[in-house]
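Asker: Chain residues, written in single-letter form:
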Amino acid sequence: MSFRLLSPKVYQKIMKIVFWISGIITIMILLVIIGYILFKGFEVLSLEFIFSAPIDSGRAGGIFPMIISSLYVTLISGLVAAPLGVGAAVYLAEYSEDGWIVKLIRFGAETLASIPSIVFGLFGLSFFVIFLGLGWSVLSGGLVLALMALPTIFKVAEVSIDAVPESYREGSLALGATKWETVYRVVLPAATPGITTGVILGMARAISEAAAILFAVGAALTIPVSIFDPGRPLPLHLYILATEGISLEYAFGTAAVMVIIVLIITVVTNNMVDRYQKKLMGR
Amino acid sequence: MNRIEVENLNVHFDDAQILKDVNIKIPKNTVTSLIGPSGCGKSTFIRTINRMNDLISGFKKEGHIYLDGQEIYDPSVDVVELRKKVGMVFQKPNPFPKSVFDNVAYGLKVHGITDKNIVEERVRESLKSAALWEEVKEKLEKSALGLSGGQQQRLCIARTIAIEPEVILMDEPCSALDPISTTKIEDLIHKLKKEYTIVIVTHNMQQATRVSKFTSFFLHGEIVESARTERLFLEPKDKRTEDYITGRFG
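If you read the protein sequences in the order shown, they are chains E and G.
Mind the numbering: the first sequence is residues 1 to 283 in the numbering used here, read in order.
Mind the numbering: the second sequence is residues 1 to 250 in the numbering used here, read in order.
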């Protein structure tokens, strides 16, 4: 028998504790950050803060126009990136055969995902704002964010579509459905929970992005009415409040609102996805 | 009268030959069993009849398959129309993650039948024909994935007969089911043969004797022997058939 420093049982216990601690630390980091932001933010957080316009560049008043700007850019990014990303994923998962074009699309998506957001911002300025003449507007901002959300949506959608069992496709084709009918009526509904998660992940990234829209959306303190109006989404407002020394208090208030919005979106969609999945699975 | 006639069928996947000079005549409104050890080409063969192999890259075919005298690989043949006439039930029950009703209505919708009354009528009739109606009539709106394996397989049969095919191909339809569910499917096959031509792949020789009028024995991609079922099992003409059915290999 070989010499052991520790008995297997003790060793087992130690490892369990090590993993437990890793898990706890991860959760603690999250809780501490969210807790700290909410704690600091609660000093200024009120219904008035949420529903009124900023006064004196944001030293007082509220952030209603910023919330509207954020909704604008996030919705625009989702509306543009979701069909594009899901479309590319359907092409790759259902129609393409492994070849250079598939590799190129995958490589493209991965590269897109790894470009720093400030570079997206610069591109947004020169392409959307100046070249396409869209000016500083929530549309320009939303389009830049669409580029940023695209790789996430594409990747998650592709994985979800790939995970749909081959037997569903065979069953559909054997009933005389065409390829497109099979994709549209069987594969996509079955992949919907995963695709939705991907779209939400992509949009969550978009809603919390400041650098990418820095040069595209303007910095207006007014409520954007049309998509061609400039705006100031929450993360940008937060950035300006903090870096220009306007009000750290209000910066935390803005951060708290952002965190709450993202939490609500995540919880609500997770819930919806869960329910839909249960319905699909007959549980 | 023969519904399907296969002449000198050879199938390759890339360089591997899967089927060799297969010749078989499948008469109308009967059950024909295909038996043989795993990997002998039975499944490939029936998937050639509804052209499901077209989807697999490297598939090559020589020879002829006629359905009611029409060569099904003729360029003028629409695969969608062919698969409407030749339905298929798979080894593992594969209902769609949709409601029981929508599973059966699926083929109807795909083939352009949208009149609500007709769809409801056809769904009901198909579920009755598949001996499933009594068990699911209260839960038509529930997901089909909540049904038991045996119910799911009968649902797949209902889904297939809803579009009124002429031929039903069954690829080991009972291999994933318990004995009670198997009995139900076999009873169903007896009922369905009055209206449909059924080709069933099975590993279970008792099942072949119970359900089919004709049986073909496949080995290494060839049909060794085709005959009336009782003749094939009681007096096999070929030594290899005899070895297989007496359990000496496979």
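In short, the hints are calculated from the structure, not lab data.
Some hints could be false.
Unchecked claim - Among chain G residues calculated to face chain E with C-beta under 7 Å, some are:
1) V80
2) R83
3) M88
4) N94
5) F96
6) P97
7) G107
8) G146
9) M205
10) R228
11) R231
12) L234
Unchecked claim - Derived lysine-lysine pairs resembling BS3-like cross-links, with alpha carbons at most 30 Å apart:
13) G:K60 - E:K278
14) E:K179 - G:K61
15) E:K279 - G:K116
16) G:K61 - E:K278
17) G:K60 - E:K103
Where is the CB? At the ideal position from N, CA and C, for every residue including glycine.
Asker: Against each hint, give a clear statement of whether it holds in the structure.
Answerer: Structure-based check of each hint:
1. V80: holds, 5 Å
2. R83: holds, 4 Å
3. M88: holds, 4 Å
4. N94: Hint holds; N94 of chain G Cβ to chain E Cβ min 4 Å, cut 7 Å.
5. F96: Given a least distance of 5 Å, the restraint on F96 of chain G holds.
6. P97: Holds: closest Cβ of chain E sits about 4 Å from P97 of chain G, inside 7 Å.
7. G107: holds, 4 Å
8. G146: holds, 3 Å
9. M205: The hint is violated - M205 of chain G has no Cβ within 7 Å of chain E, the shortest such distance being about 26 Å.
10. R228: violated, 29 Å
11. R231: Where the cut-off is 7 Å and the nearest Cβ of chain E is about 32 Å from R231 of chain G, the hint is violated.
12. L234: Check failed: Cβ of L234 of chain G comes no nearer than 35 Å to chain E, outside 7 Å.
13. G:K60 - E:K278: violated, 42 Å
14. E:K179 - G:K61: holds, 22 Å
15. E:K279 - G:K116: holds, 23 Å
16. G:K61 - E:K278: violated, 43 Å
17. G:K60 - E:K103: The hint holds at about 27 Å.
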